[in-house]
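K.L.:
If you want the building blocks of each chain, they are given just below.
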Amino acid sequence: MATVEVLLLLAVAAFLAGLAGSYLGIGGGIFLIPFMTLALGIDIKVAIATSLIGVIATSSGAASVYVRDHLTNLRLAMFLEVATTLGAIAGAVVGILVPNVYLFLTFGVVVLYAAASMVRIAETAKDRAYRGGEEERPLVKRLNLSSVYFDQEDQGVYRYRVERPGAGFGASAAAGVFSGLLGVGGGFIKVPAMNILMRVPMKAAVATSNFMIGVTAAASAFIYYSQGLVNPQLAAMVIVGAFTGTNLGTRLLVRSKAANVRFLFSIFLAGLGIAMAARALGLFGGVL
Amino acid sequence: MITARAGLRLVQHRIAALRRAVLTEVEDINRLIYHILRGGVIVSVAFLLFGFILAGVTGHPLPDKSIPPRLLGAELLRFSPAGYLNLGVLVLIFTPVARVLLSLLSFLEERDRAYVLMTGIVLTNLLISVVLLA
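In order, the protein sequence lines correspond to chains B and C. Those letters in the first sequence? Residues 1 to 288, by this note's numbering. Those letters in the second sequence? Residues 289 to 422, by this note's numbering.
Honestly, the hints are just simulated from the structure, not real lab data. Note that the structure is a prediction, hence the values are computed from the model and not measured. There's no promise every hint is true.
Cut-off 20 Å, straight-line C-alpha distance, at most; resulting in silico cross-link-like pairs (DMTMM-like, lysine to aspartate or glutamate) [stated by the list, open to error]: (1) 257/B x 154/B; (2) 257/B x 151/B; (3) 353/C x 43/B; (4) 45/B x 398/C; (5) 141/B x 163/B; (6) 257/B x 153/B; (7) 141/B x 398/C; (8) 353/C x 363/C; (9) 257/B x 69/B; (10) 141/B x 400/C.
Restraint ranges, calculated between C-beta atoms of paired labels, are given here [unchecked claim]: (11) 113/B x 345/C: 54 to 64 Å; (12) 142/B x 341/C: 48 to 58 Å; (13) 254/B x 358/C: 38 to 48 Å; (14) 347/C x 113/B: 48 to 58 Å; (15) 297/C x 120/B: 46 to 56 Å.
Idealized CB from N, CA, C, for every residue including glycine.
Construct the complete structure from the given sequences, taking the supplied hints into account.
P.N.:
In structure tokens:
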């Protein structure tokens, strides 16, 4: 079925998705699915299945490095995974009940808002540092969610306090709904939720999001697999491409300035928000 | 066959690294998770590579569809390229699940009840979504 050109193009696309995904804390499915359906003419269901495999490869490749370097907040990830996996189950049901137009419109607006707030406020070393004074929330204290990470940018060790655990939990559930619906990792919601709502420093948020994505994608990927929708040739290209991409992306992230990561992420969000709103409103022929 | 040997050596290297990690660094859960996630992807790639080599050597066609898990055993015994390509994909899919299991073990060891409960919920959700949607 697949020609050599298609396989090679897919491997290159997966490399770029893995690179961007590991740097931004997303799975990269949001780039891979449109590329496969529009540029390579692959059937949408096969494209989603292939993309889920790519998301797992990106997540595993990137998360392994971030966990080793102690960038990932393992407890926070476990706490939010409860929400994302519940959301993913709900997503399958919600997808049947609610027309997609409203979902895309809602997410488009949310994502644009997150983009705007991330551009407006640049993360400085002072923002990253632990803020004394007020008490930690009881839930944060009980679950020991606050953590420490080492930032190569300024060779500093930052202790940060996690805030608004409830709001973050809710946003993660929404991310789960979206990934259940579309077969994407949902990192575009998790990263801003952790960074803006829960005040987790940007790099720790990217690392923790990457860590969580694989679990969410694994359940859906298995379902697509047992339905015979995974094309192993395409999957092989995506795995090798994405994994290679993460080896570069993770290196870039640990050395980058947090402010730059945030800026690039907000640009990505803005583009995504516009694309989603356009899709909801049927602009550009609904191609995006 | 040089690539196959190199691939095999890479897998052996990974397994040895994992063994060392288990033996000497049990206290460092981060290190273990690193080896599980990275090892999962490398083993997956090794099976994929083996599948492509089999296809090249035997001239069997490459598969277009995933094989249901219950039929996979027979394909593997016949050394068909389809069997090993599918096995590679499955190993990758189960890598994150293995990581959650490892987290469960580490929270059990720490006797951290709240986190054992949460990890249990995540595992149950994974099972439910598989059963519900399959």
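K.L.:
Run through the hints listed earlier and report the numbers of any the structure violates, in increasing order.
P.N.:
Of the numbered hints given earlier, the structure breaks just one, which is hint 4.
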